[in-house]
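Asks: Chain by chain, the residues:
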Amino acid sequence: MAEPLLEVVAIAKRFRGLKAVSSVSFAIEAGHIVALIGPNGAGKTTLFNMIAGVYAPDAGEIRFAGQRIQGLRPDEICVAGIGRTFQLVRPFAGLSVLDNVVIGALRRSPRIAEARRKAGLILERLGIAEKRDLPAASLTLPDRKRLEVARALATEPRLLLLDEVMAGLRPTETDRMVEVFRELNRETGLTILLIEHVMRAVMALSREIHVLHHGELIASGAPDEVVRNPAVLECYLGEDAA
Amino acid sequence: MFSQINPRARGLLAALALLLLILPWIANNYVLSVAVLILYFAYTGQAWNVMMGFCGQLSLGHSLYVGIGGYSAAALFVHFGIGPWGGALVAVAASMLVGAIIGFLAFRFGIGGVYFALLTIAFAEFTRLGFDHWQWLGASGGFFLPVKQREFNDLLNLRGSPVMFYYVMLALATAALAFCTWLLRTRIGYYWLAIREDQQAAQALGINTFRCKMIAVLISSGMTSLAGVFFAFYYNNLFPEQIFNMGRSIEIILGPIIGGIGTLFGPILGAALLALLADGITELMAQIGIELPGIKQVFYGSCLLLVTMFLPNGVWPALARRLGLVSAPGPDPAGNTVRHPDG
Amino acid sequence: MSFELIGNVLIAGVLSGLVYGLMALGLSVIFGVVRVVNFAHGEMMTAAMFAAVVLFNTWGIDPFMAVIPVVVVFFALGYLLQRAIINPFITRPEHSQFMLLVAVAIIMVNALLIAFGPNARNVQVDYQLESFELGPLLVDAARLYAAGAALVCSAAVFSFFRFTMTGKAIRACADNHMGAKVVGLDIRHLYALTFGLGSACVAAAGCMMVLLVDVTPQLGPAYTLMAFVIVIVGGLGSMPGALLGGILIGVSEAGAGLFITPSAKSMVSFALLVVVLLLRPQGLLGKRP
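So the sequences go chain by chain: A, B and C. Using my numbering, read the first sequence as starting at 87 and increasing by one per residue. Using my numbering, read the second sequence as starting at 726 and increasing by one per residue. Using my numbering, read the third sequence as starting at -14 and increasing by one per residue.
Keep in mind the hints are simulated off the structure, nothing from the lab. Backbone N, C-alpha and C fix where the C-beta goes; we use that ideal spot for every residue, glycine too.
Computed far set for chain B versus chain A, every beta-carbon distance over 12 Å:
hint: 1; residue: N753
hint: 2; residue: I826
hint: 3; residue: G855
hint: 4; residue: F869
hint: 5; residue: M1034
If you anchor each label on the Cβ, the simulated ranges turn out as follows:
hint: 6; chain 1: C; residue 1: H174; chain 2: A; residue 2: N126; range: 33 to 43 Å
hint: 7; chain 1: C; residue 1: T151; chain 2: A; residue 2: D144; range: 39 to 49 Å
hint: 8; chain 1: C; residue 1: I75; chain 2: A; residue 2: D144; range: 30 to 40 Å
hint: 9; chain 1: C; residue 1: T151; chain 2: B; residue 2: D1004; range: 43 to 53 Å
Pulled out of the complex, with its shape left as it was, chain A reads as follows (with noise of 0.2 Å):
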């Protein structure tokens, strides 16, 4: 089997000798989408910042297509080829939807009239183009969350980190954005890791799932497996399975 294009080896952080994370290790083959779930405070977004070059891990290794990446300022990890989302959406709320992809899209075309084309496009696919010209800051959650991917999915990425944009969305808009992703993902062959409560999205979306809790990894998996886990049933799942 070809090498993975995300690979994370026994990583590792603490804050203010809190442990956040400790002793991670997973890896994300390309073309695949994959979940990481847990409970609040279990360290996923920790992890995520790791990834996305927001924090340098105390220990570990991170590798994305062959390359070391820890310790890369965030910039450099999405020039990279990794793109993020933010939990608490920061659209850039004085710009016009339009604009705020267009910056995403002049990564990879320096060209404004092209990054305009491009944004167009995405604006198009995630279905908030009639709002383009509108300013950011007017758009609604569930909008902001679609603005959010877009910007995202705007740099190109090869990787895309996913942090929660289905919370808040009613379950037509859910399964409309994971209509999204799964097109994506068939089309480009785009690889997503999303961290996610809504359970109908991970399960209707995700290949393999890995479960964090207390900063440790207590299960990994297909999701019908991990679902049946013991382990994950105490700690998480419970009500949910029940």
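Assemble chains B and C onto chain A, guided by the hints.
Replies: Relative to the frame of chain A, chains B and C by itself:
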């Protein structure tokens, strides 16, 4: 950019350009000197706006670059006989170097917001005190350029009539407007807006924020130093106490803030409004017959207070919409105004 | 240069520094709670100095007695200023707040100019000529009294925040804005109280400062800058930091006056500011953000 502005605005702009071009024939020397001042502040405001309005880095020490520009060109002229155009190159280089030092120290050490603003003040004040003691440049006694009556305008050495200076400043202000318009249409222009809005999100989109902020500081400081060169040859004297004063920095930034930060026409409108306001108050005081030192500034300060309180985004965005110069960007339930480059 | 001279200058620096520290304490308290940088701080300082001068020259009230009415009036003015004008600005961007306070500063400087003219004013009391001998050293009596009073005022401010319910409520506001709102604290009132308290600190410092220097309306911006330098060096929002910063600036200015040249004394403080900003941006006693 201009193509996005509607025909009505283009017509207005053309009329304004025509008026500015023929102004020396229709205005007396006093009006012309006021016009030079307005253009001067329109230019420096535009330069400051690159750093704050576009890139979101609040500098309260821009008098530093005016001073360095002015002193560099004046020193080369007086001590080595090098003309202002050659001197301008050195002035720009020197200012950019100082800007680079401040920017590097601040951005590498993660200094932002209020702290960055105070750092810029500190550098300007530090330099002012240094020049106060630099004998080669006249120290606190001032540095003077030779003034002679001339038959004709010597553009090469910037010696001549007020009309010549008017056209030089008009050219500079127009060039600054065109340059900033162009900047906002480039990749770096978009990146600056992203950094201004949310630095962390910008970084996640692959933007090297350190580099972009450095470029903003370099462009802004270089542009500002040209105003200093003009200042030196227009007034023919430089005093550290005046040119590096924090009050001068504040004068530079009042225009864009009153006019509308981050907009292209805000700095120009702001400079004009402030100059007319100051003049209007003087006129009013003379009419009423009150002659108290300071009363003018109290009025001036009160007007600033009112504008800041009631037009937080500046006069230009509100005016442009009222006059129908830009098409409204759409409903905005959050009540935020889009700071669109055109607006 | 004799040991006595250096010693005298150092002591004078520390004593003046305590008065500077009290002034800066006002700025620090306001920033620490309201998160607004008071760009009109130095102007408030000169206004208080003029108030003390007027009280002395009109009714012969000693500056140390003048502290009481001046502090009360400035507290009220600070409270009103925050409540009426600044409060809507606390959620606005920094440059907007800056503009507002610059406008206030311009109005204050020029109002003082209209009222008192550009000439320097001072107070003359007999203890300004006295001094104490401390071994071989001489300590100015007025400077010593002023520093003592500044310490007392600072201690009062510390105790207010430490021991009173209102002080604790204000600290709660500063630590956790949302939380304070949730438990039902009247944030507007507490912010206004804080601004009033900050103004009161400046007012007290102003009354003491007239014993040490002459006052002109144009001194305002210089005091604003000095207060900034002090709180950044000491740590924005840290109360002991403001006093420590004041002493450091007092000593460094006095030292620069002695060893370099008096006109370059602020250069040393700005250099100190730059070094602190780069090596310890949170200030000497500030907490890491």
